Amino acid sequence: MHTSPPATVEGVAHENPALLHHFATEEQQKNAANLGMWVFLATEIMFFGGMFFAYLVYRYWYFGDFGAGSQSMNVTLGGTNTAVLICSSLTVALAVRAAQLGKQKMIVVCLILTMLLGLVFLGIKGVEYHDKFVEHHVPGPSFYFPGHVPGHVNIPINQQHAQIFFSLYFIMTGLHALHMIIGVGLFAFITLHAMRGRYHPNYYTPVETAGLYWHFVDIIWIYLFPLLYLIDRSQ
Amino acid sequence: MSEHVSSLKLYIGIWITLLIGTVLTVVVAKIPLGPFNAVVALSIATIKATLVVLFFMHVKYTHEKLTRVVIISALCWLAILLALSMADYATRLW
Amino acid sequence: MATAVIETGERETYLNKEYGIKSWLLTVDHKRIALLYLMGITFFFFIGGFFALLIRLELLTPAGDLVQADTYNKLFTMHGQIMVFFFLIPAVPAVLGNFLIPIMIGAKDLAFPRINLLSWYLYMIAGVMMLYTIINGGVDTGWTFYTPLSTEFLNTHVISAGLSIFVAGFSSILTGLNFVVTTHRMRAPGMTWSRLPLFVWAHYATSIIQLLGTPVLAITLVLVVAERLFHLGIFNPALGGDPLLFQHLFWFYSHPAVYIMILPGMGIVSEIVCCFSRKRVFGYQAMALALLGIAVVGFLVWAHHMFVAGISLYAALIFSILSYFVAVPSAIKVFNWTSTMYKGSISYQTPMLYAFGFIGLFTMGGLTGLFLASLGIDVHVTDTYFVVAHFHYIMVGGMVMAYLGGMHFWWPKISGKLYPEAWGRLAALLVFVGFNLTFFPQFVLGYMGMPRRYWDYSHSPEYQILNVLSTAGATVLAVGYLLPMVYFLWSMRYGKPAPDNPWNAAGLEWKIPSPPSTYNFEEQPVVTWEAYNYDELDKRAEEVPVAH
Ligand code: HEM
Ligand SMILES: [Cu+2]
Chain A
31 MHTSPPATVE GVAHENPALL HHFATEEQQK NAANLGMWVF LATEIMFFGG
81 MFFAYLVYRY WYFGDFGAGS QSMNVTLGGT NTAVLICSSL TVALAVRAAQ
131 LGKQKMIVVC LILTMLLGLV FLGIKGVEYH DKFVEHHVPG PSFYFPGHVP
181 GHVNIPINQQ HAQIFFSLYF IMTGLHALHM IIGVGLFAFI TLHAMRGRYH
231 PNYYTPVETA GLYWHFVDII WIYLFPLLYL IDRSQ
Chain B
5 MSEHVSSLKL YIGIWITLLI GTVLTVVVAK IPLGPFNAVV ALSIATIKAT
55 LVVLFFMHVK YTHEKLTRVV IISALCWLAI LLALSMADYA TRLW
Chain C
17 MATAVIETGE RETYLNKEYG IKSWLLTVDH KRIALLYLMG ITFFFFIGGF
67 FALLIRLELL TPAGDLVQAD TYNKLFTMHG QIMVFFFLIP AVPAVLGNFL
117 IPIMIGAKDL AFPRINLLSW YLYMIAGVMM LYTIINGGVD TGWTFYTPLS
167 TEFLNTHVIS AGLSIFVAGF SSILTGLNFV VTTHRMRAPG MTWSRLPLFV
217 WAHYATSIIQ LLGTPVLAIT LVLVVAERLF HLGIFNPALG GDPLLFQHLF
267 WFYSHPAVYI MILPGMGIVS EIVCCFSRKR VFGYQAMALA LLGIAVVGFL
317 VWAHHMFVAG ISLYAALIFS ILSYFVAVPS AIKVFNWTST MYKGSISYQT
367 PMLYAFGFIG LFTMGGLTGL FLASLGIDVH VTDTYFVVAH FHYIMVGGMV
417 MAYLGGMHFW WPKISGKLYP EAWGRLAALL VFVGFNLTFF PQFVLGYMGM
467 PRRYWDYSHS PEYQILNVLS TAGATVLAVG YLLPMVYFLW SMRYGKPAPD
517 NPWNAAGLEW KIPSPPSTYN FEEQPVVTWE AYNYDELDKR AEEVPVAH
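Chains as they are written, first to last, in my numbering: chain A, 31 to 265; chain B, 5 to 98; chain C, 17 to 564.
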């Protein structure tokens with residue numbers, strides 16, 4: 031419950047230039063950053079949670095139309111993207127490990143791999159968006175989604191309900207992609223610092239906290255994938 | 005600083021488990037289980053998420069209880085949002 | 017005890033350490049950021065107040081003669097949005113909380129000073145967007161943005177208003193994040209959780225709500241903006257959507273948000289009541305737990321705003337009962353303040369007058385909340401002036417009083433100057449009288465059936481007399497609010513220099529010079545005493561006469 035920061039007097043040798051003036055020790059600074067990121071992720075859970083709530087309501091109401099919408103998704107691309115993100119999570123974890131062990135070059139290599147994988151994800155996402163656009167599955171005046179509800183040949187798809195599915199699809203994956211873009215930006219910044227050798231076993235907080243963020247974005251996708259791509263696939 | 009350094013083997017093991025989980029979700033989704041398709045899909049996702057949190061995000065090794073408190077309270081709050089509003093959606097007479 | 021020596025104005029403080037606009041706009045000092053916030057918040061308070069006065073002027077006569085119906089809708093919308101999102105929510109945390117929390121826990125600054133500055137910039141950006149909305153012709157959704165009205169049927173500036181509040185929400189989240197991390201990580205040695213001033217506890221509880229509630233508002237506004245831009249239909253019944261889904265999401269944030277507004281005020285009142293009763297707070301633990309209790313239970317009651325909107329009857333029943341539970345921790349607070357005063361040696365200085373006002377008016381607001389939470393009565397008074405009176409009793413009677421009380425209590429510390437006490441008391445009296453004159457008649461009006469949000473009541477001219485009283489009260493209230501602004505500004509130049517501890521109050525902030533130096537403490541303080549040790553403080557004062 032309580033970790034009272036240790037008492038220190040002004041004038042402790044500040045051998046680490048990254049230690050900010052208002053912290054007594056490196057430990058305290060690191061713990062603050064770590065807690066800050068976790069608290070931020072808690073807010074992110076609620077942010078995405080609001081969307082999952084909307085999704086839950088309409089999936090419950092319009093299950094057939096959601097199934098139809100889901101079946102129009104490209105599972106191969108979606109599954110590949112899931113794998114890509116999992117790989118990027120591994121490279122981030124390895125970047126943190128490299129920092130803990132003081133392997134400067136390895137940090138940079140892992141971070142660059144992470145960013146590349148992130149960009150691959152975004153590229154594939156772009157291809158999927160493009161396909162949806164071509165197929166007129168983007169909500170709006172030209173929205174068109176003919177067919178029938180999976181397993182019920184005589185029930186046509188309700189255009190409005192399907193449009194809600196696609197609205198949620200675009201908003202959820204869009205905000206997820208935005209988080210990815212921010213993550214890649216963060217890592218670009220951190221990679222520059224890593225190249226200058228700023229991180230060592232005693233100070234790698236930015237690598238670690240940005241890593242937490244990246245893993246979280248990965249987790250969101252781990253849920254989005256089955257919820258958006260795999261509804262009622264057995265029909 | 006006494007940070008826990010996980011072995012390379014562990015990371016690779018988790019990574020492979022996550023990939024297997026992904027393949028498994030896709031495969032299971034094609035088997036007709038009725039409503040249990042969703043249950044299985046969400047269970048696999050939750051196991052994957054837990055692995056990421058525990059091993060990649062180092063929650064298993066931190067001696068800081070607060071991290072766990074933060075995660076669990078966020079999940080509880082999400083549960084409040086979902087449960088109480090579902091109390092409305094599930095019992096509407098119209 | 018190492019107290020700093022007062023070298024009459026020569027000492028380096030956070031105010032005179034650096035000069036120039038850049039030293040303010042780029043500062044990361046929590047005290048300077050608090051003052052930056054103070055300016056923004058005061059500005060928006062008067063903009064929101066200006067709209068309020070126009071509303072009251074329109075209602076002076078039964079006919080809709082001063083403004084058109086459309087304009088009236090814009091007036092109460094922008095009044096509400098500005099007062100809620102640009103004044104009440106940030107007011108106490110971002111100004112007094114920002115200034116005091118690090119000092120109260122014995123830290124040099126908040127955990128993330130640059131994020132603190134960022135949150136001020138976000139607030140200002142949001143403010144500029146709101147001003148842009150106003151100048152462009154305003155928005156008339158009501159502060160609640162109800163769909164599909166806001167997404168389909170209005171052609172006012174819903175998108176810029178929505179995005180403005182989205183950005184303001186981020187500012188609020190970052191403040192909360194900073195406070196939570198600061199309270200956990202930056203406490204001085206010996207400053208245990210059970211020694212924290214209740215002011216800090218109150219902000220901790222507030223931050224929890226900000227962190228877990230505000231993101232839901234953010235995503236709701238994203239959905240509203242997207243729906244309006246692309247005609248999606250998520251909240252539009254004509255397109256298969258559910259407007260109640262919007263209301264669930266909105267009130268999941270906005271009911272807890274009323275506690276974002278009130279909890280910091282409770283923190284202030286606890287400090288003031290103890291100081292001016294010269295007593296330890298009654299039931300410290302219960303007070304701290306009640307704050308957390310309100311924060312948690314506050315999340316379980318939101319659908320009491322939707323009783324007549326069409327939610328399930330069973331759900332309405334659950335939410336009605338849960339709403340009653342909020343009254344328990346709220347009552348604990350009121351009883352414990354009263355018990356703190358019992359047999360205390362009370363002095364009636366300005367901050368204490370405001371604290372009295374808070375306790376009484378908050379109680380009335382809370383009790384009428386219970387009326388509204390009971391299903392049968394709510395059907396009768398919902399969407400009438402009864403609701404308007406209810407929440408103004410809490411938000412204006414409670415919160416604005418607490419804010420002013422806090423500003424007076426800590427003004428000597430913030431500015432290093434004393435405000436004129438006689439004027440202070442006069443203003444407090446004006447605020448109290450003006451407030452009750454404005455809002456008490458509204459309870460009656462609501463009970464008689466006057467609906468809220470109408471600009472014209474010529475079908476029932478019998479409402480006029482009460483409306484005239486209300487408008488007259490609003491005028492008195494306006495004077496009561498202007499006065500402190502005038503004499504605070506006056507005191508910055510002409511006020512007497514404040515001693516370090518003008519109230520002989522307990523708490524770390526009173527052990528450092530007024531105004532503090534940039535890093536607050538010359539050396540790391542070590543806390544060995546409990547909060548509100550007024551008994552010890554006064555005993556010591558009897559033994560050693562005070563220096564000043
Ligand atoms: C004992 C605690 C409280 C209870 C039981 C309570 C109950 C209620 C209920 C049932 C309503 C809905 C009335 C209706 O629309 O028919 C309401 C409205 C409102 N309350 Fe409270 N309340 C409480 C405390 C507060 C506090 C502390 C605040 C603010 C600081 C507040 C601010 C509001 C606002 C702003 C509205 C109106 C929202 C709108 O429709 O524009 N309430 N309250
Ligand atoms: Cu409420």
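Among the clues, some could well be false.
SDA-like, lysine to any residue: derived pairs with alpha carbons at most 25 angstroms apart [to be verified]:
(1) B/Lys69 to A/Tyr243
(2) A/Lys155 to C/Phe246
(3) A/Lys155 to C/Val238
(4) C/Lys38 to A/His51
(5) B/Lys64 to A/Pro231
(6) A/Lys133 to B/Lys64
(7) B/Lys13 to A/Lys155
(8) C/Lys433 to C/Leu505
(9) A/Lys135 to B/Lys69
(10) B/Lys13 to A/Asn232
Interface residues of chain B toward chain C, partial, derived using beta-carbon atoms under 7 angstroms [as the list claims (entries may be wrong)]:
(11) Trp81
(12) Ile84
(13) Leu85
(14) Ser89
(15) Ala91
(16) Thr95
(17) Arg96
Hints are computed from structural coordinates only; laboratory data are not their basis.
Computed from a prediction, not measured in an experiment: that's the story for all the values here.
In this text, a Cβ means the ideal position worked out from N, Cα and C, and glycines have one as well.
Each hint tested on the structure:
1. Annotation: proposed proximity of B/Lys69 to A/Tyr243 holds, straight-line Cα distance about 19 angstroms (limit 25 angstroms).
2. For the hint linking A/Lys155 to C/Phe246, the alpha-carbon distance of about 21 angstroms falls within 25 angstroms, and the restraint holds.
3. Of the supplied pair hints, the one linking A/Lys155 and C/Val238 holds, its CA atoms being roughly 21 angstroms apart against a limit of 25 angstroms.
4. Taking the CA atoms of C/Lys38 and A/His51, the gap is about 20 angstroms. The hint holds against a cut of 25 angstroms.
5. For the suggested pair B/Lys64 and A/Pro231, the alpha carbons sit about 20 angstroms apart, so the restraint of at most 25 angstroms is met.
6. Proposed proximity of A/Lys133 and B/Lys64 is supported: the alpha carbons are some 24 angstroms apart, at most 25 angstroms.
7. Between B/Lys13 and A/Lys155 the alpha-carbon distance is near 31 angstroms, which puts this suggested pair outside the 25 angstroms criterion.
8. A threshold of 25 angstroms between alpha carbons decides the hint, and for C/Lys433 with C/Leu505 the separation of about 10 angstroms falls inside it, so the pair holds.
9. Between A/Lys135 and B/Lys69, the direct Cα distance comes to roughly 33 angstroms. Violation of the 25 angstroms bound is thereby established for this hinted pair.
10. A distance of roughly 24 angstroms separates the Cα atoms of B/Lys13 and A/Asn232; the hinted pair therefore holds under the 25 angstroms criterion.
11. With a cut of 7 angstroms, the hint placing B/Trp81 at the interface with chain C holds, because the nearest CB-to-CB distance is about 5 angstroms.
12. At a threshold of 7 angstroms, the smallest CB-CB gap from B/Ile84 to chain C is about 6 angstroms, leaving the interface hint in force.
13. At a threshold of 7 angstroms, the smallest CB-CB gap from B/Leu85 to chain C is about 6 angstroms, leaving the interface hint in force.
14. For B/Ser89, the interface hint holds, the least distance from its beta-carbon to any beta-carbon of chain C being 5 angstroms, beneath 7 angstroms.
15. Given hint, B/Ala91 at the interface with chain C, holds; its Cβ is 5 angstroms from that chain's nearest Cβ, closer than 7 angstroms.
16. Hint on B/Thr95 holds. Least Cβ distance to chain C is approximately 4 angstroms, under the 7 angstroms limit.
17. For B/Arg96, the interface hint holds, the least distance from its beta-carbon to any beta-carbon of chain C being 4 angstroms, beneath 7 angstroms.
Violated hints for the displayed structure, listed by number in ascending order: 7 and 9.
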